[in-house]
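Each residue of the sequence shown is one higher than the one before, starting from 4 at the first, in this note's numbering.
Rather than coming from a laboratory, the hints here were simulated on the basis of the structure.
It should be emphasised that the depicted structure is a prediction, and the values quoted were computed from it without experimental measurement.
Check before you lean on any hint, since a few could be wrong.
[Claimed, not checked] Here are the simulated DMTMM-like pairs of lysine to aspartate or glutamate, each with C-alpha atoms no more than 25 Å apart in a straight line:
#, residue 1, residue 2
1, K201, E295
2, K169, D159
3, K265, E248
4, K124, E54
5, K75, D85
[Claimed, not checked] Here are the in silico distance ranges between beta carbons for each label pair:
#, residue 1, residue 2, range
6, F147, K99, 33 to 41 Å
7, D309, R133, 22 to 30 Å
8, F147, E54, 25 to 33 Å
9, K142, H259, 23 to 31 Å
10, P145, S269, 15 to 23 Å
Every residue gets a Cβ at the ideal spot worked out from N, C-alpha and C, and that includes glycine.
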Amino acid sequence: MEDTGVSEHVETVPSRIVHLGSMPNLRKVFPEHAMLYRSSRPDFITEGDHEKIRELGIRTVVDFRSAREYTKAKGEKLLDTDFDCVAVQLPGVHEKPGEVNYSPIHQRNRSTKNETSNNPKKHYFIDFFRPNYVWAVFKRAPLFIRITSLFFLLVDIIFKTHYFVKYYAKHVINDAGLVANYIDMLELSQRQIYAALKIISDRNNLPALINCAHGKDRTGIFVALLQKLVGMSREAVCEDYALSETLLAPIRSRVHDEIVKKFDFSEDFISARPETMASLLDYIDEKYGSVESYLISIGFTQEDQDVLRKYFLLINWSVKGQGIKGYWLGRIHSKLGDDSRENTMKFLKLQ
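Throw the hints in and build the complete structure from the sequences for me.
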């Protein structure tokens, strides 16, 4: 068994958190709802924790890593003895988003790609950092840095090192800061966000687990969009994002090695402060008007959004300060005439 880098760490935490030593930062996306979870990568999961994941009934894993990032990552990847691993095929940057397509990838615990499997459990890989993302960051740098970086890129290709990313981290990305990095993901990874939303909009894919490398950045952005869409308060969304810093404490040294030591990102990039997410939400409100409008702009229509709300509508009935969006209640009123829990349940069954 490989070293997971997990240390002993015991503290009192909210009930929505699922305590798995080999899979930190695991918790419900919505405190009162057991249909959607978020976590760090499940690659190091132990046999005992694997059984606990099975008890949660997870049918789908939405993983914001590339297939290459997954296959190169350490760990026995026991979770994928239950799932078929597939890479989501994204449309072109200027193509209209539609049905989510995917192709099988090689799994370490299987001899070949499982191309004819009827297994309903899927582990979807959605690469957040496609060429359009890299190109946008590349163009942003001064000409001297761009020219110099090409030398490092050549070295990386030959020797399989990371000098190109380290050079850009030092001279471009760190100066811009973590919030700017999140804005880049919001703007340059829209097809990925759309695909993930469509996957969890299929009730046959629930319960689902959402993860990236550490469950903080790519996962944090996606979860925040989803939480705001369903009606969680701004304060609750920011607090949930910041909880990742606490829950990653047992593997802080590993996170530091993988982000700061390996790629020379600043210490800020391993933090998860509520003001960071608040700044991202400010950006969305200032540019798009709301999360709902942002999602419409990436192709996730009002009808698509209504489907997600239908699945998660009742999560907030008993959560103080996380009321349901007024316009959604208006849609229920138009069908039934009042906003009672009983009639809302009837409405959901009719849809």
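Fill in: Range agreement (Cβ of S269 with Cβ of P145, hint 15 to 23 Å)
For P145 and S269 the Cβ distance comes to about 19 Å; the hint holds.
Discussion item. For the hint 33 to 41 Å, verify it against the beta carbon of F147 and that of K99.
Written reply: At roughly 39 Å between Cβ atoms, K99 and F147 fall inside 33 to 41 Å, so the hint holds.
Worksheet item: Do the beta carbons of K142 and H259 sit within 23 to 31 Å of each other?
Response: Because 30 Å falls inside the window, the suggested range holds.
Discussion item. Taking 25 to 33 Å as the stated bounds, is the beta-carbon spacing between F147 and E54 within them?
Written reply: violated, 55 Å
Worksheet item: Do the alpha carbons of K124 and E54 lie within 25 Å of each other, as the hint requires?
Response: Given that 25 Å is the threshold and the Cα spacing comes to 16 Å, the pair holds.
Worksheet item: Does the structure keep K265 and E248 at a Cα separation of 25 Å or less?
Response: holds, 19 Å
Item to complete: Take a quick look at whether K75 and D85 sit within 25 Å of each other, Cα to Cα.
Response: Holds, at about 20 Å.
Discussion item. Check the hint pairing K201 with E295 against an upper bound of 25 Å on the C-alpha distance.
Written reply: holds, 15 Å
Discussion item. With the threshold set at 25 Å, check whether the alpha-carbon distance from K169 to D159 stays at or below it.
Written reply: holds, 11 Å
Worksheet item: Measuring from beta carbon to beta carbon, are D309 and R133 in 22 to 30 Å?
Response: holds, 29 Å
This entry does not satisfy hint 8, going by the numbered hints stated previously; all others are met.
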